[in-house]
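Protein chains in written order, with this note's numbering: chain D, 1 to 237; chain R, 1001 to 1127.
Mixed in with the good hints, there may be bad ones.
Said to hold, decoys possible - List of simulated lysine-lysine pairs, BS3-like, C-alpha gap at most 30 angstroms:
no.	chain 1	residue 1	chain 2	residue 2
1	R	K1075	D	K109
2	D	K192	D	K224
3	D	K87	R	K1075
4	D	K109	R	K1083
5	R	K1017	R	K1101
6	R	K1014	D	K87
7	D	K9	R	K1114
8	R	K1101	D	K178
9	R	K1038	R	K1017
10	D	K87	D	K203
11	D	K66	R	K1083
Think of the hints as simulated: they come from the structure by calculation, not from any bench.
Here are the chains, one letter per residue:
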Amino acid sequence: MANNKLEEKVEIPAETYEEEHVHTVYEQIASHFSSTRYKPWPIVSTFLENLAPGSIGLDVGCGNGKYLTVNQDVFIVASDRSTNLVKIAAGHQPHAAVVADTLALPHQKGRFDFAISIAVVHHLSTRDRRREAVQSILDTLRDGGQALVYVWALEQKNSRRGWDEGHEQDVMVPWVMKTSKKNAGENGETEKTFQRYYHLYRKGELEEDVVNVGGEVIESGYEKDNWWAICRRSGGG
Amino acid sequence: MKVLTLNFLTCAVKACKSSSASFPLHPKDCELVSDTIKPDPRLIHNILPRVDWTALSTTALELGFPALPDQAPTKEQLEEDEKMMGELHTLLLETQINEGKLVCGNCGHEYAVKEGIANFLLPNHLV
């Protein structure tokens, strides 16, 4: 079943594919998803904690706003594709949250001191679109401003899913949501499985994408089954 | 959506980004609500240098607030004038647009705000 969903990727427009296999899914699983997302990852926390007080930044693909709790001495305009997730994120003071698409961000170019985009860009289904997303984020930064991007790694053989080098990089990842007996399916099932599209990044791929769109990688590495990179616009130092 | 946010939002249409008319977005038919947010003078002091004061003045006037001074108050002025600090805090962080529209001065597109959440998704023909 999952393979059919991957095959259709080449047959339909990327936006349509992502609408079905990313956006609609998150909108339906929002509150369940949110309840499992509460612990900030160390490198992201450190990045946020080191910001100068009064810094203005973005959280592109903020989900439930998990990272908006880390630093309250800065002002973050968070955004996500899912209205249900943004409603949860909007509660975190002093920050703001809006519904927006990474490829059409409602922000001025060169205005922001920082941006984070954690576990987001890997949901875009073509390399061009993933690169466009990185570009879109870099464009919002002022000279010297930095962005932290975090994506799922192909090389995660010790994780529950155990993918590794040599595995197909485009995958469908299940999310199992229990529904109440009241909402049970036709056959009485009380569980529903959603498939979400991910592109698993191989080592070096994220850096290649940053450089390809004219960005500069300041630092990069691997943490908890993810590749991450801190980057800025070229010549913007 | 707090009023401060408008200082950091423009039209999402690529072609509008190069036009100065796309910032700030213009509130239309907006219903405002007041939230109570713990005062944080340090945050206001730190953020103020990054706020586009001209744009904020435009926004304040369009929302029906009394005109802001020509220039942003200095840190010293704010430290001496608690009332001004309180008013800034109320305007920037406590005043929320609950329902309404945000209009681009360049292309005229209107973004909806519902239950305090602004939606910047574009219809296909504008992407």
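Okay, the hints, checked on the actual structure:
no. : hint              : verdict
1   : R/K1075 - D/K109  : 27 angstroms, holds
2   : D/K192 - D/K224   : 27 angstroms, holds
3   : D/K87 - R/K1075   : 34 angstroms, violated
4   : D/K109 - R/K1083  : 34 angstroms, violated
5   : R/K1017 - R/K1101 : 19 angstroms, holds
6   : R/K1014 - D/K87   : 26 angstroms, holds
7   : D/K9 - R/K1114    : 33 angstroms, violated
8   : R/K1101 - D/K178  : 37 angstroms, violated
9   : R/K1038 - R/K1017 : 34 angstroms, violated
10  : D/K87 - D/K203    : 35 angstroms, violated
11  : D/K66 - R/K1083   : 34 angstroms, violated
Comparing the model with each numbered hint stated earlier shows that hints 3, 4, 7, 8, 9, 10, 11 do not hold.
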